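Participant: What follows is each chain in one-letter form.
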Amino acid sequence: MELIPALYIILPLLGAFLIPIVGHFVKGFQKTLSVLITLFLVVYSVWFYVVGYDAPAVTKVGGWEAVKGIPIAIYLVYDGLSAFILLTVNLIAFLSTFYAMGYIKRFTAENNFYALLCLMIAGMNGVVLSGDIFNIYVFLEIAVIASYALVAFGTEKRELEASFKYQVLGGIASLLILFAVGLLYWQTQTLNLADISAILQYEDQSTALIFTEVLLIVGFGLKAAMIPFHAWLPDAHSSAPSPISAMLSGVLIKAVGVYALIRLFFNIFTITYELTLVIIVLGTLSMVIGVLLAIGQWDLKRLLAYHSISQMGYVVIGVGIGMMIIFEDGNRTVAALSIAGGLFHLINHAVFKGLLFLDAGAIEYLAGTRNLKELGGLSRKMPVTSSTSLGASMAISGVPPFNGFFSKLLIIIAAVRAEFYLLAALAVFVNFVTLGSFMKFIRYAFFNLKESGVSLIKLRLPFSMKFSMITMVILCVLMSLMVFPFFREILLNPAVDVLMNTGEYASKIIGS
Amino acid sequence: MTVYIMCFILFLVGLYGVLTRRNMIKIVIGFSIMEFSCFLFLAMIGYIENGLAPILKEEMENPVYVDPLPQAMVLTAIVIGLATTALLLAIAIRIYKKYGTFDIRKVNELKG
Amino acid sequence: MNGMTQIVKKVTQLMSGLIFMYGLYIITHGHLTPGGGFAGGAIVAGGFILLILAFGSKVISLRKEETQTSITESAALLIVILLALAGLFLGVHVFFNNYLPQGQVGELISAGVIPIYNIFIGMEVAAALLTIFLALVIYKEEVAS
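Residue numbers (the working numbering), protein chains in the order written: chain V, 1 to 512; chain D, 1 to 112; chain U, 1 to 145.
FYI, nobody ran anything at the bench for these hints, they're computed from the structure. Here the structure is a predicted model, which means the values were calculated and not measured. Check each hint, because a few of them may be wrong.
Residues from chain U shown here face chain V by an in silico Cβ test under 8 Å; the list is partial [unchecked claim]:
1) Ser74
2) Leu78
3) Ile81
4) Leu83
5) Leu85
Simulated DEER-style distance windows between Cβ atoms [said to hold, decoys possible]:
6) D:Ile9 <-> V:Gly436: 46 to 52 Å
7) U:Pro34 <-> V:Ile210: 32 to 38 Å
8) U:Gln68 <-> D:Lys26: 30 to 36 Å
9) D:Arg21 <-> V:Glu65: 35 to 41 Å
10) V:Thr272 <-> U:Leu83: 40 to 46 Å
11) D:Tyr47 <-> U:Thr33: 16 to 22 Å
12) U:Glu141 <-> V:Lys27: 26 to 32 Å
13) D:Phe8 <-> V:Phe447: 52 to 58 Å
Positions of the beta carbon are idealized from the N, C-alpha and C atoms, including for glycine.
Using the sequences plus the hints, can you model the full thing?
Facilitator: This is the structure in structure tokens:
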């Protein structure tokens with residue numbers, strides 16, 4: 001079987017435009033098609049991890065070859081990092097879609113829901129695969145416009161307000177990115193990422209270039225909800241339907257925010273001290289302030305949304321420490337360890353935060369409320385939800401057999417070995433606050449032995465919801481295996497290698 | 001160089017409108033101003049003094065064309081801008097239907 | 001929604017055909033002159049919007065029209081994707097490959113698949129703009145009533 005990266009974009013797009021036509025006439029078509037497409041993409045990603053491929057696999061759209069070493073086609077690049085993020089995106093997409101089969105029945109307009117979901121997946125896959133900066137912008141817009149509409153899907157007061165806020169802030173971010181793309185084109189006369197990287201290697205840091213970098217950090221930082229730019233995230237993520245919250249918190253902020261930042265600042269721009277410092281400071285602020293804001297929340301999904309900000313901080317400092325060591329020409333093993341920790345935490349966060357949002361959806365589905373003060377004593381009435389929530393809470397707060405412990409451990413070890421003692425101490429401190437916060441969630445939702453307890457509005461969860469939740473909690477445990485050398489070699493190392501060898505991206509792609 | 005800075009000033013004018021107006025429709029208008037400043041900037045970086053429209057004709061030898069790539073980018077960005085604006089307006093109208101006002105100070109269910 | 005005065009109606013009758021033809025011209029000559037699918041599609045949609053505004057329409061028929069345009073839009077985009085996908089199977093197996101014979105530069109029928117893309121993108125854009133317009137008009141009628 002030959003690797004065709006374009007399939008990751010075409011299939012969800014086909015789904016998105018087939019559903020409104022055929023779904024009109026055939027009942028149940030929309031669910032089946034979207035589940036099949038996402039399942040196929042997961043299998044496709046895993047298949048190429050198993051059989052291997054010659055990295056980086058470059059597709060030139062339209063078959064236009066480079067002229068005198070100048071690329072003219074739009075490139076789709078499938079290398080280690082893209083493969084890793086694609087696996088994350090499509091895995092969470094599959095589980096959320098499967099969960100939605102049971103959950104979304106209470107909304108009308110199922111066709112629109114699945115069509116928009118497919119469009120969002122296509123957009124995210126496109127951002128991850130694209131090797132062309134303007135295409136990153138286009139796919140990013142496809143993904144976020146679909147997500148604006150999905151956040152407002154309930155069309156109640158809160159959803160509409162959250163969506164408006166999200167659209168205004170997200171739109172400002174997109175326009176800043178577009179402006180930066182224009183500036184970059186003005187300076188380099190090319191849009192291809194590899195070509196830009198090759199040209200910028202020989203140029204000094206001009207004022208215009210620094211301005212471009214600042215615009216890109218602010219734009220993608222807004223998309224990734226780093227702390228000074230986080231205002232939209234708690235509203236949008238808590239107002240969306242639960243499977244969409246899982247997608248937004250689990251993968252959207254990573255694929256369009258953090259991935260783009262990492263790719264641009266490792267592989268395209270030359271790493272500078274100021275830039276690294278800004279990224280580490282943003283990460284630290286997100287990590288600490290996010291968790292402090294989460295303490296006072298009583299709305300379950302809002303609490304989870306604030307924790308997303310905090311956990312993304314871990315990912316960013318993991319990657320940022322690696323960047324700092326590469327800049328200082330320090331110990332490369334420590335840098336690799338740090339980046340591996342960051343990426344490992346990225347996929348772990350996608351799984352456990354996705355699971356927590358799905359659990360929140362299950363609680364809302366059965367109990368009709370997600371206010372922690374009104375819940376209580378659910379552990380007997382909802383055994384599946386309570387056990388999976390317990391697993392996910394232990395994973396997010398770093399309790400040993402679960403995956404969250406190992407990724408945080410890697411980041412903290414790397415921070416100590418790179419002599420960032422303050423960061424290491426803060427990471428441990430934040431972890432304890434997270435643990436406390438999730439103990440509150442478990443206690444108030446499941447074990448609070450009130451006399452009356454909450455009365456359920458429905459009796460049973462549909463099979464599809466249970467299936468997704470149980471699969472994800474199993475993944476939470478299984479993914480701890482990734483610290484062991486064998487699995488690390490297969491899954492994490494190709495991605496880390498791409499980031500460690502910062503200059504190779506350009507030479508490999510232009511040479512192909 | 002001056003024209004590029006003027007473009008950015010136009011961008012900031014739009015941003016000012018988005019951040020200070022209370023009426024949702026005015027926010028959308030400010031948003032459009034930001035969008036069009038970006039389009040203007042993109043169209044301007046492709047301009048070459050005395051350049052021709054980039055259409056292939058047989059009779060001319062080594063003509064000077066303006067850069068067609070930013071024009072393609074502007075067209076794509078206009079389509080995306082259209083989608084964003086339409087969605088913003090649709091949501092604004094829905095909010096008007098629920099709350100009975102366009103004033104964002106009165107639309108504040110979500111806090112904290 | 002009510003129609004406009006007799007003068008507007010008469011002028012619209014005379015003009016709408018011309019606007020429509022001009023849109024089609026822009027779409028079909030997309031590979032030869034400036035313009036193409038998006039610009040032409042916008043003009044075609046403008047013609048339809050002019051007709052609806054001038055003659056007015058009932059909300060029910062607007063709703064029916066909205067479902068139809070949104071189906072047309074999806075269908076046209078689907079055909080564009082299938083045309084691109086066909087590049088994977090015909091010719092040299094690349095996505096978006098131009099697999100048809102290219103012809104002479106400057107002829108109306110030339111440039112391989114590009115005119116076909118233009119036609120379907122024009123359809124898509126016209127249908128999409130019309131859908132947006134209809135959706136906003138229907139909202140307005142609902143809020144007013």
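Participant: Could you run down the list of hints and mark each one as holding or not?
Facilitator: Against the structure, the hints come out as follows:
1. Hint on Ser74 (chain U) holds. Least Cβ distance to chain V is approximately 4 Å, under the 8 Å limit.
2. Interface hint at Leu78 (chain U): satisfied, since its Cβ lies 4 Å from the closest Cβ of chain V, which is below the 8 Å cut-off.
3. At its closest, the beta carbon of Ile81 (chain U) sits 6 Å from a beta carbon of chain V; the interface hint therefore holds under the 8 Å criterion.
4. Checking Leu83 (chain U) against chain V by beta carbon gives a least distance of about 12 Å; that is not within 8 Å, so the hint is violated.
5. Here the hint on Leu85 (chain U) is kept, as its CB sits about 6 Å from the closest CB of chain V, short of 8 Å.
6. For Ile9 (chain D) and Gly436 (chain V), the Cβ-Cβ distance of about 48 Å falls inside the hinted range of 46 to 52 Å, so the restraint holds.
7. Taking 32 to 38 Å as the suggested C-beta distance range, the pair Pro34 (chain U) and Ile210 (chain V) conforms, at roughly 37 Å.
8. The hinted range of 30 to 36 Å is satisfied by Gln68 (chain U) and Lys26 (chain D), whose Cβ atoms lie roughly 34 Å apart.
9. About 50 Å separates the C-beta atoms of Arg21 (chain D) and Glu65 (chain V), a value inconsistent with the hinted range of 35 to 41 Å.
10. The hinted range of 40 to 46 Å is satisfied by Thr272 (chain V) and Leu83 (chain U), whose Cβ atoms lie roughly 45 Å apart.
11. Hint check: Tyr47 (chain D) to Thr33 (chain U), Cβ distance near 20 Å, so the stated range 16 to 22 Å holds.
12. Separated by about 30 Å at the C-beta atoms, Glu141 (chain U) and Lys27 (chain V) satisfy the suggested range of 26 to 32 Å.
13. Between Phe8 (chain D) and Phe447 (chain V) the Cβ separation comes to about 56 Å, which falls inside the hinted range of 52 to 58 Å.
Hint check: violations occur at hints 4, 9; the rest are consistent with the structure.
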